[in-house]
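Novice: Residue-level listing of the chains:
Protein chains: 4
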Amino acid sequence: MISVGIIGGTGYTGKYLLEFIKQHEMIAGYTIYANKSAGSKLLDVFPELLGVIEDKTIQSVNNLSYTHDLYFVSLPHGESLKYIPTLLDKGIKVIDLGGDFRLDTKELYNEWYGFEHTSEKLLSEKVYGLVDIKNNKIENSNFISNPGCYPTSIQLALIPIIKKYSDNIISISSVSYSGASGAGKSAKTELLLAELDGNVKAYNINKHRHQPEIEQELTKVGMNSPFAFTTHLLPIARGIYSTSTIHLNSVIHEDEIKEFYLKEYANSKFVRIRNIPPELKWVVNTNFCDINISAKNKTVVITSTIDNLIKGASGQAIQNMNKMFGWDETLGIIK
Amino acid sequence: MISVGIIGGTGYTGKYLLEFIKQHEMIAGYTIYANKSAGSKLLDVFPELLGVIEDKTIQSVNNLSYTHDLYFVSLPHGESLKYIPTLLDKGIKVIDLGGDFRLDTKELYNEWYGFEHTSEKLLSEKVYGLVDIKNNKIENSNFISNPGCYPTSIQLALIPIIKKYSDNIISISSVSYSGASGAGKSAKTELLLAELDGNVKAYNINKHRHQPEIEQELTKVGMNSPFAFTTHLLPIARGIYSTSTIHLNSVIHEDEIKEFYLKEYANSKFVRIRNIPPELKWVVNTNFCDINISAKNKTVVITSTIDNLIKGASGQAIQNMNKMFGWDETLGIIK
Amino acid sequence: MISVGIIGGTGYTGKYLLEFIKQHEMIAGYTIYANKSAGSKLLDVFPELLGVIEDKTIQSVNNLSYTHDLYFVSLPHGESLKYIPTLLDKGIKVIDLGGDFRLDTKELYNEWYGFEHTSEKLLSEKVYGLVDIKNNKIENSNFISNPGCYPTSIQLALIPIIKKYSDNIISISSVSYSGASGAGKSAKTELLLAELDGNVKAYNINKHRHQPEIEQELTKVGMNSPFAFTTHLLPIARGIYSTSTIHLNSVIHEDEIKEFYLKEYANSKFVRIRNIPPELKWVVNTNFCDINISAKNKTVVITSTIDNLIKGASGQAIQNMNKMFGWDETLGIIK
Amino acid sequence: MISVGIIGGTGYTGKYLLEFIKQHEMIAGYTIYANKSAGSKLLDVFPELLGVIEDKTIQSVNNLSYTHDLYFVSLPHGESLKYIPTLLDKGIKVIDLGGDFRLDTKELYNEWYGFEHTSEKLLSEKVYGLVDIKNNKIENSNFISNPGCYPTSIQLALIPIIKKYSDNIISISSVSYSGASGAGKSAKTELLLAELDGNVKAYNINKHRHQPEIEQELTKVGMNSPFAFTTHLLPIARGIYSTSTIHLNSVIHEDEIKEFYLKEYANSKFVRIRNIPPELKWVVNTNFCDINISAKNKTVVITSTIDNLIKGASGQAIQNMNKMFGWDETLGIIK
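Residue numbers (the numbering used here), protein chains in the order written: chain D, 1 to 335; chain G, 1 to 335; chain Z, 1 to 335; chain H, 1 to 335.
Check the hints yourself; a few may be wrong.
[Claimed, not checked] A few chain D residues that don't get close to chain G, going by computed Cβ distances all over 10 angstroms:
(1) Met1
(2) His24
(3) Ala38
(4) Trp112
(5) Lys163
(6) Leu191
(7) Lys269
(8) Gly326
(9) Ile334
[Stated by the list, open to error] Computed beta-carbon distance windows for the label pairs:
(10) H/Gln23 / D/Ile276: 42 to 48 angstroms
(11) G/Gly91 / H/Asn140: 56 to 62 angstroms
(12) D/Asn206 / G/Ser40: 24 to 30 angstroms
(13) Z/Ile170 / G/Lys207: 18 to 24 angstroms
(14) G/His253 / H/Gly39: 29 to 35 angstroms
(15) H/Glu116 / D/Ile276: 28 to 34 angstroms
(16) D/Asn297 / Z/Lys269: 57 to 63 angstroms
In case anyone wonders, no lab produced these hints; they're calculated from the structure.
Just so we're clear, the structure is a prediction, and the values are computed from it rather than from any experiment.
We put the beta carbon where it would ideally sit given N, CA and C, even for glycine.
Please model the complete structure; the sequences and the hints are all you need to start from.
Specialist: Have a look at this one:
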């Protein structure tokens, strides 16, 4: 049994971390730390949890105790950096759900995030926790950088085809649509229901911070073709739908590709290969990633879906924790 | 031909005023005044109007010109009060779309709005512009107080039955549901799509400012029974659905009530008496109010629907303007 | 450990029964029976359950095995009646989620459902399973009639105030809004998303079949005032929001009423008394009923919320099962 | 002044044709023909039009009168074919809003629509009415085939870049999302709000009938690169959002491309080139197509939006009619 801290635990991600932790048989206790809502009661922040969890006071991030075995860090860009080095120095395990350590170099942070990264050493020491892709480093790591939501949906869809067929690929174009919870819980006019109801919009075209993350990781498995990535906002709360179009030099039969995906994910309890294009609601409120492969002539279209708050954040983090501690990876996630 | 000013013209109400004015054959020109967005271009505030209206610069409310024949005032509570007395003193016509003059007494403003009203004289001089109820004062008025959105939907539903059957009524209970645009365009976490999607909530129970407005007006037509009014937020952008339950001392036949409504609204081009409960979408983006009367034994249920931004605000204001100037009341509204 | 049958298990209600049963530690096995989808695989009907439950073939209702300890019956009106008498004759326990046994007399079925009820004896033998109201009969019953969704939300909101204050009540008016899943899964043009998106409508005014059910039960606890009930369709999938307005002869202080509710529901793990009007999403996907009481002068407004498919159907049915078998009532419901 | 017939006028497309016709100053009268709803009153099919249009009886398609100057035909695949040759033989003008004449060859109909086309001659005589692309044939034509909704959004986005830069293009991948009204008004379980609320799904991957239509037309303007097209369903009623990703051999500056688009559409009153990615709601309920071009390195992303029922169907049809008769193309569309 362990105890955990959640730093920045009062946003959308924090809520689901809490729900998983509450039902996790290996977690004995937890503390919630936050900035603005420090001092508030947990049930005032999450009134829906009345009767589900015990109430407790939210602690200030400024008074971190360093008494827990593991800390989940879920803070805005540039904030994780302030706390994680100290935690790691004290020998405490950390899973960072923010973007501060996902990229591998200072240069990428300068270019895409616009800040000077101060922990270059940790950038190379961290393990990128795309947990459904086999990676022995996770088990032995003290520090996991949890992947971004879009990157999770796109990498799980593309890694097998790139691994096996990269030289046949002319170009890859990924288009993702996300529910509005992906933009977080802070009040912005453009995120009001009265603005978004019945509405859709592309945003951050050619400049979304998840693009270098995806390119960095796909390049590691062999991608050598042009890649593009465009994000959109859906008028619903949750879920990501990603559609990746791959143009090939020569025909590959759909069954052949699908068979390879089935093999690659044979031991992955949270990746489901589908015979028809997935519906988003099949994965909402779950830790699953659904993937469908459709090929015709020299075109392959791969659709993939996740819940942005679960598989794209808290669910994947819990799964990473389970691996770090050597537990069954479904613990606390599937009942 | 006249020209008009819109004070506070960059909110949701302002947009529809603009659309009506733009297509109104008796309006030659207009100026938009605002606070925060003064200096901005109109098409930056309303990009959807590109190709529909000419762009122009939004003027500051602090630099009112007093050169227009009529001003529509659409400002937050307590703000209209600053400008309207001066406009009226200069002999300019005013239609106020806010709540600063709807109630008849200073005492009610103290109790329900929590401020000291400084224009008691105007409270009694204003004409309450519930325009679909015959009222000769509108034609001769320089100053119309445009009714609230909920009060419009409920008064149009209840005035006939109260006028004719008040002594038979035991109690009236009105329940209204409104789209989120009714809460305005300012950024609040509780109005985010990620919070409201798939959600519903009652709010301001027993303390909504539209309650004294409704009671004041229904009492004038004879209401002498207990009345209650409860408001809710819908997870959609537009429209109000009001359901009023009336318990009677003795049975009245549904056909008799319905016939009276048809007679009362025989000359009202924007009130439609329906044989079945109305669907909200029938009135969204229109200036109509749909009403259905269902009676069984000693229970009468009256459902009524409006678009909160049109019949509940800008459409009714345009209709009031048409009456003030002696024009056909549908001018600029129905093509 | 027991095994259960689900008759009519492929609708919306069936899905949640399945999810509860799957995670219920006292249920060893189950069979799904259906009409149209007999012969299909369970995972073709519920593809979202891939990786969550084992696939199995759906059996025909015509081939009931009578081998289970308990049957949940979830069939259209008039259909349950065909199977339940035989099941009970064989000494098998039954929980009926349909409307065939909720009313107490043949006459009410003639009037409201339009059919001749053929099991008058069972109408009086069944136990009406409004499980959050203390009722020792449930523990000893073989046959529970599970309450309707609207009646659950309204009775839990009104029973305490009627029990204690019935003589002070002038009238009660309940208005309910339900998500579209309440209308079931059969294809009707009026239920298309393209029709309902952004739409709201009242329906079955003064003739909804849940009205006599509510009146029958509220009368048993002392209601002697006029009561009305109006239902509406929301443009969302799930949840019921009920608002009940009560006019009183004399003032009762809000705190006094609230205190009585807290006492009445002190042992109810699934009823939560709220200090503010509940948000619908707090209960969606849970077995909770949230209730708020707001009183001012002689008006009391009680808002109550449930998930129509869980507390209003499958969740309440599981809770009834838990009581029938003497288990903790939260088993399989709260993790 | 002319009079028109609408064949198949009771679906979603029919409604907007009706609204445009009603406010069109050059149309003196009209008749609605339909199959299933023949004999019904127009206001029973479209109750929202009460007070807006005069009621009339819907005529049977079997009793076509041939007395109108122009017929709009809006029928399911394979149905238009039955009526259009006769209308044209009688010298009557026709605008077909269905898919029966959009493709140029019998072979394509065999392959993609699965039927034997019986009017090969008309396939080559029809004019494909993508009206915002300059085409003198429209003015002189008696028979317009109105483009599909997706093809309208994608062709307007891609034609300029293909015309000017086709040899620089490596691949094009278009991804479109459509509101559910695009699937029509017939009752299907998968289109229920209870199924689609909060849901998204890709469909007809690599086999949508609009794909050969787009490829046929883009090839005519010079496309010589691989092209793919994937369609998705949005949980909203209206609008299409198309995102086209183009990989280039060599960099082209965004400003250069944008300038060319502005020039190409300089005289198009319904195409708006945007500096930021368009929001879908800007075009819903309008005849506009909004287009944004974003280029970085060798990637160009073009987003384009339309209202599927207006610019993608009835609005474009009215615009085609205006051109056929030599009227201002905005007549009846922009007030």
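Novice: Now, for every hint given, state plainly whether the structure supports it.
Specialist: Now for the hints, and whether the structure bears them out:
Consistency note on methionine 1 of chain D: stated as away from chain G, and its beta-carbon is indeed over 10 angstroms from all of that chain's, at 34 angstroms minimum. No Cβ of chain G approaches the Cβ of histidine 24 of chain D within 10 angstroms, the least distance being about 25 angstroms, so the stated non-interface status holds. Under the 10 angstroms C-beta cut-off, the non-interface status given to alanine 38 of chain D relative to chain G holds; the minimum distance is some 17 angstroms. Separation of tryptophan 112 of chain D from chain G is adequate, the least Cβ-Cβ distance of about 25 angstroms exceeding the 10 angstroms criterion.
With a minimum CB-CB distance of about 36 angstroms to chain G, lysine 163 of chain D clears the 10 angstroms threshold, and the non-interface call stands. Separation of leucine 191 of chain D from chain G is inadequate, the least Cβ-Cβ distance of about 5 angstroms not exceeding the 10 angstroms criterion. Look at lysine 269 of chain D: its CB is around 28 angstroms from the nearest CB on chain G, clear of 10 angstroms, so calling it non-interface holds up. In this structure glycine 326 of chain D is separated from chain G by more than 10 angstroms, as the shortest Cβ-Cβ distance comes to about 36 angstroms.
Non-interface status of isoleucine 334 of chain D relative to chain G is upheld: no Cβ of that chain comes within 10 angstroms, the nearest being about 24 angstroms off. Range check, glutamine 23 of chain H to isoleucine 276 of chain D: about 43 angstroms between beta-carbon atoms, so the 42 to 48 angstroms window is met. For glycine 91 of chain G and asparagine 140 of chain H, the hinted distance range of 56 to 62 angstroms is satisfied, since their beta carbons lie about 59 angstroms from each other. For the pair asparagine 206 of chain D and serine 40 of chain G, the beta carbons lie near 27 angstroms from each other, so the given range of 24 to 30 angstroms is met.
Between isoleucine 170 of chain Z and lysine 207 of chain G the C-beta distance comes to about 21 angstroms, which sits within the given range of 18 to 24 angstroms. Checked against the hint of 29 to 35 angstroms, the C-beta distance between histidine 253 of chain G and glycine 39 of chain H comes to roughly 32 angstroms, which is consistent with it. The given range of 28 to 34 angstroms is respected by glutamate 116 of chain H and isoleucine 276 of chain D, whose C-beta atoms sit roughly 29 angstroms from each other. Asparagine 297 of chain D and lysine 269 of chain Z have their C-beta atoms about 59 angstroms apart, which keeps the hinted 57 to 63 angstroms range intact.
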